[in-house]
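Student: Chain residues, written in single-letter form:
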Amino acid sequence: MTDNLRQLIHHCLAGDQKAMIDLVDRFRGQVFGLCYRMLGHREDAEDAAQETFVRALKNLRSWDAERDFEPWLLAIAGNRCRTALSRRMRRPSVLPLLEPLPERTPDVQAARQLAEEVALALSTLREQYRQAFLLFHQQELSYAEIAVVLQCPIGTVRTWIHRARRELIRCLQAREVVESRHAV
Amino acid sequence: MQCDEFDARLDRRLDRHQAPDADPLLRQHARLCPRCHEQLTAATRLMMGLKLLDTPPLGDDFTRRVVQQVAPATPKRRVWRAPLTLAVAATLLIALLPGTSYLLRTGRTWFATPPTPTSGTGDIAYMTSAPSASTPATADVSPWLHYRNSILQLYPEQIRTRHRQQLSALARDLSPIATPFNTAMTAIRRTIPVSQPDDKGQPSASTTPRAALGATHT
Ligand SMILES: [Zn+2]
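Chains E and D are the protein sequences, given in the same order.
When the letters of the first sequence are read in order and numbered with this note's numbering, they come out as residues 6 to 189.
When the letters of the second sequence are read in order and numbered with this note's numbering, they come out as residues 799 to 1016.
Just so you know, these hints were derived from the structure itself, not from any lab.
Fair warning: this is a prediction, and the values are worked out from it, not measured in the lab.
Yeah, the Cβ is synthetic: ideal placement off N, Cα and C, and Gly gets one too.
It is possible that some hints are incorrect.
Going by beta-carbon spacing under 10 Å, a handful of chain E positions derived as facing chain D [to be verified]:
no., residue
1, M25
2, S91
3, E122
Construct all of the structure, not just a fragment, from the sequences and the given hints.
Tutor: Here's what the structure looks like:
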């Protein structure tokens, strides 16, 4: 962790609002990205991201300065997403997994279609697999960091990520996303 | 290369965030094996699709909303509460000190039964303890007691009577809490080494009255 970030957190602890703004701005994309991929719904993701930062700032004293800040923050985000998902399961209405997309040119549309397929495949994963997979492949956290986030052994993280990949590949194959013209 | 070796190698590449189709050995096996060919293609598409995943932009006021929710709980604002509380406590203490000091020394109470207009009994102890001829000499009483006595001596009788009436009405209103208050005062009194007057109304030699500390004893 950089000294710059450590100093920023130190200022936040002292109640410096400017430092709080800087801290949120620094991680908002990352946190919202994870929440959005976990929840597949913009408003829910924004709420979860907001709750994440509010909790993080209010409980900043409980963060262990010896450890990295990012996994700690993303762990809170993961918990907020889990809460949002369980709330959603109790809610009768079905929420869209993908936002409506504007029409684009053929190339852009093909890329968009692939992204949609991957997003759809992701949504079929078990929650833990999805989170582990996203933390590794999208947030580029290490296995050890993900183990901190998910509070489980590194071996379990590895297993979840590998299983997630296999399931995603199977899903893409089943939906015939893998066409012969894309063959290597 | 066998298919299980292919799978392990593919996993290793993906674990290192390397493009799966850039490995010549994997490509070589995939050319000969339809099953692994599909695996490699799907893995490549998956990683490509992940990079293409869009995240909608966050609302402009996102950060402001977060900080707004957190700001009231920051220590900055709490800092001002402690001095304020201390100031209020100090003011109350100063306001109550003369009366409380006297009560602690004499064993009298703030509240008593409401007075009858003519008898003058059961009045507020603080106000009715008019100085008498039996009051000990100045050197034998505490500065507070001396101060109280001199004030009462200067007080015109009419003013004393009017204040007595006002305070009696107050005592009536406060009488529901008189018992617990007196109990508390008694308990506090027991914890303080106040001298007990002997038969002649003189402070005993065994303890030094707190309020008399600093007073000249002969
Ligand atoms: Zn094979």
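Student: Identify whether the interface hint at E:E122 stands, where standing means a beta carbon of chain D within less than 10 Å of its own.
Tutor: Cβ of E:E122 sits 6 Å from chain D, so the hint holds.
Student: Double-check E:M25 for me: the hint is only fine if its C-beta lies closer than 10 Å to a C-beta in chain D.
Tutor: holds (5 Å)
Student: Less than 10 Å between beta-carbons is the criterion; does E:S91 satisfy it with respect to chain D?
Tutor: violated (23 Å)
This entry does not satisfy hint 2, going by the numbered hints stated previously; all others are met.
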